[in-house]
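Keeping the supplied structure of chain A fixed, place chain B upon it in accordance with the hints.
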Amino acid sequence: MESVELMETENSEAEQEPPTPEIIIDDILDFKTDKGTIPDPRSVTFTIIGEDHTLGNALRYTIMLNPEVEYCGYSIPHPSEEKLNLRIQTTENITAIEALSKGLEDLRTMCDYIKEKFIKTNLKFDKKASQDEN
Amino acid sequence: MSHNRSNNAERLEQLRTRVKIDRDGVNSISSSDFPFHSSNVYPEFDSIEIFRKKLKIKVIKKSQFEMEFDLIGVDAAIANALRRVMIAEVPTMAIEKVYIYDNTSIIQDEVLAHRLGLIPIKVDPDLFYFKHENERPTDMNTIVFKINHECRYNPRAREDESDPKQLYIGHNLLSSSLIWDPKGEQAERFTDNPIKPVHDDILIAQMRPGQRMELEAHCEKGIGKEHAKWSPVATATYRLMPEIIVKEEITGDLADKFAACFSKGVIDVVEKEINDEMVKTAKVVNPRLDTVSREVLRHKEFDNKVELTRIRDHFIYTVESTGILESERIFIDAIHIMQTKCSRLLLALENKLKELEDERNMMSLDDV
Chain A
1 MESVELMETE NSEAEQEPPT PEIIIDDILD FKTDKGTIPD PRSVTFTIIG EDHTLGNALR
61 YTIMLNPEVE YCGYSIPHPS EEKLNLRIQT TENITAIEAL SKGLEDLRTM CDYIKEKFIK
121 TNLKFDKKAS QDEN
Chain B
1 MSHNRSNNAE RLEQLRTRVK IDRDGVNSIS SSDFPFHSSN VYPEFDSIEI FRKKLKIKVI
61 KKSQFEMEFD LIGVDAAIAN ALRRVMIAEV PTMAIEKVYI YDNTSIIQDE VLAHRLGLIP
121 IKVDPDLFYF KHENERPTDM NTIVFKINHE CRYNPRARED ESDPKQLYIG HNLLSSSLIW
181 DPKGEQAERF TDNPIKPVHD DILIAQMRPG QRMELEAHCE KGIGKEHAKW SPVATATYRL
241 MPEIIVKEEI TGDLADKFAA CFSKGVIDVV EKEINDEMVK TAKVVNPRLD TVSREVLRHK
301 EFDNKVELTR IRDHFIYTVE STGILESERI FIDAIHIMQT KCSRLLLALE NKLKELEDER
361 NMMSLDDV
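Line order of the protein sequences matches chains A and B.
The first sequence begins at 1 in UniProt numbering and counts up by one.
The second sequence begins at 1 in UniProt numbering and counts up by one.
Only chain A is shown next, with the shape it has when bound in the complex (with noise of 0.2 Å):
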């Protein structure tokens, strides 16, 4: 019978990095580009990829809320391939990068929002609920 590989010991944490996917961004985000600039830079398709409807439907709403924002759109092309399109078109005030941007900013912020509330009640429904039960 085969063994079963025994385990190993990771002893520091510099013997074995540990694996952070976060860092790994090449590749994830792209879109047209001629000779280092942006054909048209109010008017792009940002392809993303590793995403779906999650990201790609909450970034679609907080790209519309910007006031200077003509356009915003998104699609998955196909659903057995992780990827995402984005089309953004701007008003001449802003370029689609900065709509971009200042959406994913915004939802980021828009969390921030619901955290903190969210733990502000619940610490409070928990206190109530330890209070009611004395």
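Hint data in this document are derived by calculation from the structure and do not stem from the laboratory.
Please note: incorrect hints may appear among the correct ones.
As a list, the in silico DSS-like pairs of lysine-lysine whose alpha-carbon atoms are at most 27 Å apart [unchecked claim]:
| hint | chain 1 | residue 1 | chain 2 | residue 2 |
| --- | --- | --- | --- | --- |
| 1 | B | 53 | A | 115 |
| 2 | A | 120 | B | 257 |
| 3 | A | 124 | B | 225 |
Which bits of chain B does chain A cover? Going by a derived footprint, with three or more residues having C-beta under 8 Å, they are [said to hold, decoys possible]:
| hint | segment |
| --- | --- |
| 4 | 159-165 |
| 5 | 354-363 |
Just a few of them, taken from the derived set where beta-carbon distance is under 8 Å, the chain A residues facing chain B [stated by the list, open to error]:
| hint | residue |
| --- | --- |
| 6 | 28 |
| 7 | 36 |
| 8 | 58 |
| 9 | 100 |
| 10 | 101 |
| 11 | 107 |
| 12 | 110 |
| 13 | 114 |
| 14 | 127 |
Ideal Cβ positions, reconstructed from N, Cα and C, are used throughout, including at glycine.
Okay, now just chain B, sitting in the frame of chain A:
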């Protein structure tokens, strides 16, 4: 004229904030909370500040595995993203590899392995790393369980006994037979809360005397997107808060009929003074309990007397945990994961722009 205008404003407000439930369909579904949309032209649109002011959260109830809370003032896009992350992207630990040395039970090896995978393992996934392809198992990414089980006859059973419980010993292989085998520093790290299945009474296999099972199971960290066994929730759902608008008093026997159209506890029939007379009147007391069956819209006598809507930005979440993580922890983790996604993309965008600049600089150097 002025009356007309206020009426119009009211109608627009209703369209903006409510989803209308009609007799044969649901209307006014799409959100219109965008700048320059017909119903709201904001000259200065600070979406984040508006969001902060509108956001409200209420915890409704909590039990061992379940939690209900209201998230008010957010768009469906955000609410749905958080729900999806809770189901598919919050990591847990689950049995992923099973090395079977002996299995003479009637459960086939592959079915057994699948059943083992679905058993929730009580351990904080934050204390482990993901095990990537080609990476060797270590005490930081793998938990080992062992099963060594045999079914025997009970020597003390009566001769005419027919109940398997009396007749055999160990004929039910339960999740409590999964024995944790601490590796490396795991024994020290988890002295306070040893790793074990959430439930001790999950039936893995039924056996008969002479049948044996010996195996080693390796748990790894994963997410529900890859396999539902890693999903930390039994389910996480939301629904919109129902609203029942009674436009005209419903009195007398009709009130009882009206109340019967809704789930129990939604409508109360109360005595109310109308024209110096006490009459039975229907009163909406708890619309949250309603299932929005639309039964009331089927009856002619309630035509134009009642309107059913749902509040567009009032989400009632129900998060039922599998017991590995607490429901509130799952929601908070989901928010963190959403934020990580944003940060990652921002970083990727920054990198891409830097790349472009380098390319541009190279081009201009070539020109010289």
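Hints and how they fare:
no.: 1; hint: B/53 x A/115; verdict: 15 Å, holds
no.: 2; hint: A/120 x B/257; verdict: 43 Å, violated
no.: 3; hint: A/124 x B/225; verdict: 33 Å, violated
no.: 4; hint: 159-165; verdict: violated (count 0)
no.: 5; hint: 354-363; verdict: holds (count 8)
no.: 6; hint: 28; verdict: 5 Å, holds
no.: 7; hint: 36; verdict: 3 Å, holds
no.: 8; hint: 58; verdict: 4 Å, holds
no.: 9; hint: 100; verdict: 7 Å, holds
no.: 10; hint: 101; verdict: 6 Å, holds
no.: 11; hint: 107; verdict: 5 Å, holds
no.: 12; hint: 110; verdict: 6 Å, holds
no.: 13; hint: 114; verdict: 6 Å, holds
no.: 14; hint: 127; verdict: 11 Å, violated
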